[in-house]
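Numbering (UniProt numbering), first residue to last: 1 to 554.
None of these hints come from the bench; they were simulated from the model.
Hints may contain errors.
Below, a list of computed lysine to any residue pairs in the SDA-like style, where the Cα atoms sit at most 20 angstroms apart [what the hints assert, rightly or not]: (1) Lys-123 / Ala-178; (2) Lys-278 / Thr-239; (3) Lys-226 / Pro-378; (4) Lys-452 / Gln-376; (5) Lys-68 / Asp-90; (6) Lys-68 / Lys-278; (7) Lys-226 / Arg-192; (8) Lys-226 / Gln-460; (9) Lys-144 / Ser-81.
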Amino acid sequence: MNPTTRKNSVYLPCVAWWRRGLVAVCAFVVAVVLALAPCVPASAGEAGLWYIDDLGVRDAWAQGITGKGVKVAVLDSDVVSDYPALTDADVSYKLVLKEDGATRCHAQDHEDIVLTTDEPFRKSSDILSTHGTEVVGMIVGSGKGYDGNPGVTGIAPDASVTAYPIDVSKSNLSDSDATCMTDSGRGIAINRVLSAAIDDGARVVNMSFTSMQDPDVDTYVKALRKGVIIVNARWNTNTPGTDDLVGEPMDMTYFPGTVTVSAVGPEGKLSEGPSDTKDGNVSFVAPGTRMLIPNSSNPKVLSADGEGNSYAAPMVAGYVALAMQKWPDATGNQILQALVRSTKNNPWGAGKLDPEHRYGYGQPDVAKLLSTDPSQYPDINPLLEAAVTNSDAHEETQGMYTDRTDPIWKKTLWADTQPFPDKINVQRDAVKVGVEYERQKTAWAKVEQCRKDGGADCMQYSATATADEADEFVPKEVKPGSFTEYDYLGLSGDADGAGKDGAASASSAQEATWLGLPVWAWVSIIVAVVLLLLIAVLAIAHHNQSIKQQKRAE
Numbered sequence: 001m002n003p004t005t006r007k008n009s010v011y012l013p014c015v016a017w018w019r020r021g022l023v024a025v026c027a028f029v030v031a032v033v034l035a036l037a038p039c040v041p042a043s044a045g046e047a048g049l050w051y052i053d054d055l056g057v058r059d060a061w062a063q064g065i066t067g068k069g070v071k072v073a074v075l076d077s078d079v080v081s082d083y084p085a086l087t088d089a090d091v092s093y094k095l096v097l098k099e100d101g102a103t104r105c106h107a108q109d110h111e112d113i114v115l116t117t118d119e120p121f122r123k124s125s126d127i128l129s130t131h132g133t134e135v136v137g138m139i140v141g142s143g144k145g146y147d148g149n150p151g152v153t154g155i156a157p158d159a160s161v162t163a164y165p166i167d168v169s170k171s172n173l174s175d176s177d178a179t180c181m182t183d184s185g186r187g188i189a190i191n192r193v194l195s196a197a198i199d200d201g202a203r204v205v206n207m208s209f210t211s212m213q214d215p216d217v218d219t220y221v222k223a224l225r226k227g228v229i230i231v232n233a234r235w236n237t238n239t240p241g242t243d244d245l246v247g248e249p250m251d252m253t254y255f256p257g258t259v260t261v262s263a264v265g266p267e268g269k270l271s272e273g274p275s276d277t278k279d280g281n282v283s284f285v286a287p288g289t290r291m292l293i294p295n296s297s298n299p300k301v302l303s304a305d306g307e308g309n310s311y312a313a314p315m316v317a318g319y320v321a322l323a324m325q326k327w328p329d330a331t332g333n334q335i336l337q338a339l340v341r342s343t344k345n346n347p348w349g350a351g352k353l354d355p356e357h358r359y360g361y362g363q364p365d366v367a368k369l370l371s372t373d374p375s376q377y378p379d380i381n382p383l384l385e386a387a388v389t390n391s392d393a394h395e396e397t398q399g400m401y402t403d404r405t406d407p408i409w410k411k412t413l414w415a416d417t418q419p420f421p422d423k424i425n426v427q428r429d430a431v432k433v434g435v436e437y438e439r440q441k442t443a444w445a446k447v448e449q450c451r452k453d454g455g456a457d458c459m460q461y462s463a464t465a466t467a468d469e470a471d472e473f474v475p476k477e478v479k480p481g482s483f484t485e486y487d488y489l490g491l492s493g494d495a496d497g498a499g500k501d502g503a504a505s506a507s508s509a510q511e512a513t514w515l516g517l518p519v520w521a522w523v524s525i526i527v528a529v530v531l532l533l534l535i536a537v538l539a540i541a542h543h544n545q546s547i548k549q550q551k552r553a554e
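Build out the structure end to end from the sequences listed, making use of the hints.
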C-alpha cells in the first residue's frame with residue numbers, strides 16, 4: 001500500500017506494514033495508528049461573528065429558518081453538556097462502544113477520566129471546553145458564555161443535535177483528545193458510531209476530525225442510499241491533494257459522495273495554514289478563520305483566534321440544516337444538488353468545480369440556497385456522481401468504482417490507482433459505490449418517466465424512497481463481467497471468491513497476495529527466516545566446538 005503524503009508521516013511506516021499483513025509485527029503500534037488526528041485550531045486575528053453577520057445567516061433567522069426539526073449528528077470529542085451556549089439547545093448525547101454490552105471507557109493513561117453510556121458527556125466542574133463542545137456550539141450554540149461572557153454561536157440554533165463522542169479530552173485544550181479505552185483496548189470504532197447515527201435518523205452528520213481508521217464501505221453506502229449528508233473537515237495541512245474530485249474510498253475525509261470542506265476567511269480566501277493548496281477532493285469552502293473559540297489560558301473567555309478546517313465543516317452542516325427546514329420535502333441528494341448550485345466567489349460558474357481544484361464548488365451562499373426549491377433537482381448525489389464519472393474520465397483512476405473485471409481482483413482486497421498525483425488506495429468492495437450511483441440514476445429515470453406519463457407521487461420511485469430495496473438492485477450500465485452477486489452484495493470472506501475474468505482495469509491492482517502481502521514477498525521472508533535460523537544454528541555449533549577445543553587444550 002502507498003499511503004498518501006497528506007497523512008502524518010509518523011504513522012506511515014506502520015500503516016504500510018499493516019496493509020501488507022504484518023499485523024503481528026505492528027500490533028502495538030496499530031493502537032497509535034488508529035488514534036484520531038483532530039483538526040486543531042490555529043491562531044488568527046480580529047474579533048467578530050463575521051460568519052453569522054456577513055453571510056446571510058441572521059436574515060435566515062429573521063424568516064424563522066433556524067434548523068428546527070432537523071436531526072444532526074456530531075461525531076467528535078466529548079462535549080461539556082452544561083456549557084452555557086448549549087444549555088438551552090436541543091442536544092442529546094450517546095456513547096456507542098465497540099463491544100456489545102460495554103458501558104464505559106476511559107481516557108488512555110487517565111483512568112479517572114471516564115465516559116459511560118449513562119453519562120456520555122462531561123461537566124464544567126471537570127473541564128470547561130473541548131473540541132467537540134466548540135463544534136457542536138458552531139451548529140446550535142446560543143452565544144451565551146461563562147460568567148456573562150460571549151459564548152460560541154451556531155448557524156442552526158434550533159436544530160436537534162446528537163453528540164457521539166469518539167474520543168475523550170484530557171484538558172481544556174482542543175488538541176488534548178485521547179483514545180477512550182476499555183479493558184480490551186480501544187473502546188470506540190468510528191464506523192460503528194457512524195452506522196448508529198444513521199440508524200438513529202440523522203439527516204446530517206458532522207465529522208470535524210481526521211482518522212487513520214478505514215471507512216467501512218457498507219456503512220458509507222448506507223448513508224448514500226438514505227440521502228444522509230456527511231460533512232467532513234479536510235486535513236489541516238497545505239500538502240496538495242488529488243488532481244480532480246474522484247474521492248478516496250479508504251479515507252474517511254474523502255469518501256465518495258461525502259462533503260469535504262476547507263476553511264476561508266472573511267475575504268473568501270483560503271486559510272494559509274490548513275487550506276491554501278490544491279485538493280480536487282474538496283467540495284466546498286466555508287468560514288474557518290478568525291473564529292471565536294475559548295482562550296487557551298482562560299477557557300471562560302472567547303478569543304477570535306480559532307483557525308482550522310474543523311470549524312468550516314459545522315458551517316456547512318448548519319447551512320444544510322437550514323435548507324432542510326426550509327425545504328422539508330427535498331431529499332438529502334436534492335439539498336446537495338441545490339448546494340452545489342448555490343455558491344459565491346466562484347467565477348468559474350455555479351454548479352461547476354473550480355478548475356484549479358482549490359475551492360471545490362465554492363463558498364455556500366445562504367440566501368441563494370434558501371431561495372430555490374431543491375425538489376426540482378434529481379435525487380442523485382452530485383458529489384457521488386462527480387467522483388464516479390471523474391474517476392472514469394482519468395486514465396490513472398479509471399475503474400475505481402465501476403470495474404472489477406481484472407482477474408487480479410480475485411486475489412486481493414485492495415489496490416492502488418496510478419499516481420494522481422499520489423496513488424489512491426481502493427478497496428475491492430468500493431465497487432458498491434459505483435453500484436449505488438447506478439441505482440440512483442436508474443431510480444431517477446423512473447421518476448422522470450412517471451412524470452412524463454402523468455403519474456402521481458412519482459417520487460416514490462426515487463433512490464431515497466427505495467433505499468430499503470437497494471440490495472435488490474442489479475446494475476446494468478456497467479462493464480460486462482464486472483459484477484457478480486458476491487461482488488456487490490457480499491464481498492466478505494475468501495478473497496479468491498470474487499470477481500470475474502475480463503478486460504484489465506486501468507487501476508494498478510496488486511499481484512497475487514496472502515494476508516495482503518505479495519506471494520513473492522512471503523517467499524522472501526520465509527527464505528530470510530530460514531537463513532537466519534541456519535546462521536544461528538551454525539553459530540551455536542561453532543560456539544560449542546570452540547568450547548570442546550578449549551577443554552581439550554586444558
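Each hint, compared with the structure:
no.	hint	result
1	Lys-123 / Ala-178	17 angstroms, holds
2	Lys-278 / Thr-239	8 angstroms, holds
3	Lys-226 / Pro-378	15 angstroms, holds
4	Lys-452 / Gln-376	14 angstroms, holds
5	Lys-68 / Asp-90	9 angstroms, holds
6	Lys-68 / Lys-278	36 angstroms, violated
7	Lys-226 / Arg-192	17 angstroms, holds
8	Lys-226 / Gln-460	13 angstroms, holds
9	Lys-144 / Ser-81	13 angstroms, holds
In terms of the numbered hints stated before, the structure departs from hint 6 and from no other.
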